[in-house]
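**Student:** One letter stands for each residue in the lines below.
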Amino acid sequence: MTDTATRIKETIGANDVVLYMKGTKEMPQCGFSSRVAGVLNYMGVEFADVNVLADEAVRQGIKDFSDWPTVPQLYVKGEFVGGCDIITEMTLSGELDTLFETSGVTYDKDAADKIREANG
Amino acid sequence: MAILASEIEAMIRESFPNATIAVMGDDGAHFAAEVTDESFRGKNRVQQQRAVYAALKGKMDGANGELHALALTTKVPE
Numbered sequence: 001m002t003d004t005a006t007r008i009k010e011t012i013g014a015n016d017v018v019l020y021m022k023g024t025k026e027m028p029q030c031g032f033s034s035r036v037a038g039v040l041n042y043m044g045v046e047f048a049d050v051n052v053l054a055d056e057a058v059r060q061g062i063k064d065f066s067d068w069p070t071v072p073q074l075y076v077k078g079e080f081v082g083g084c085d086i087i088t089e090m091t092l093s094g095e096l097d098t099l100f101e102t103s104g105v106t107y108d109k110d111a112a113d114k115i116r117e118a119n120g
Numbered sequence: 121m122a123i124l125a126s127e128i129e130a131m132i133r134e135s136f137p138n139a140t141i142a143v144m145g146d147d148g149a150h151f152a153a154e155v156t157d158e159s160f161r162g163k164n165r166v167q168q169q170r171a172v173y174a175a176l177k178g179k180m181d182g183a184n185g186e187l188h189a190l191a192l193t194t195k196v197p198e
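Residue numbers (this note's numbering), protein chains in the order written: chain A, 1 to 120; chain B, 121 to 198.
Keep in mind the hints are simulated off the structure, nothing from the lab.
Remember, it's a predicted structure, so these values are computed and weren't measured experimentally.
Some hints could be false.
Straight-line distance between alpha carbons at most 20 Å, and here's what the computed SDA-like set of lysine to any residue pairs gives [to be verified]:
#1 LYS179(B) / GLY61(A)
#2 LYS179(B) / ALA189(B)
#3 LYS195(B) / GLY61(A)
#4 LYS25(A) / PHE80(A)
#5 LYS163(B) / THR11(A)
#6 LYS63(A) / THR11(A)
#7 LYS63(A) / PHE136(B)
#8 LYS179(B) / GLU134(B)
#9 LYS25(A) / VAL105(A)
#10 LYS63(A) / ALA191(B)
#11 LYS195(B) / GLU89(A)
Same shape as in the complex, but just chain A (with noise of 0.2 Å):
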């Protein structure tokens, strides 16, 4: 395993809820990392952000490691969840609600289901 790959496995193991993302949650540098964030802050969940932008190795080595292509990506318990489409349509099937409640993370559920009812 690289460095990076070591680095990243710690941040995953030591965060419930871990986003890589272009940019910070206060803010974000890309739409879709944007939308990620505002999903989990809106949700009142506690997580930790990795700025892709500000490691060049991780920008790399965080797509070689869930093998996928893209940013931001969505860490559960240590578990690869997804990317924005997937986070997007898991939020509002509720899966999402289901994945945090089976992991132990605490979140807002009226939030959540307002952003449901926004967009249903």
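Mind docking chain B on chain A? Use the hints.
**Tutor:** Only chain B this time, still in chain A's reference frame:
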């Protein structure tokens, strides 16, 4: 370098000859694709979409990728 929706469809078609494929977008960089294929049955979304990305052979890859934005939806036939 720009890419056409028809080229994306052709690349996906090569890997999924029997799929229902719809690619939308005409600005050369931002696209939405919906792929419905029997081979997706029993796979989760990550596995399904990984297979489609594989069909696009590196076109999605970072700074050298021509395809910055492909909104991807994968489905199993009803």
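**Student:** State the violated hints by number, sorted upward, taking the hints as numbered earlier in the document.
**Tutor:** 3, 5, 7
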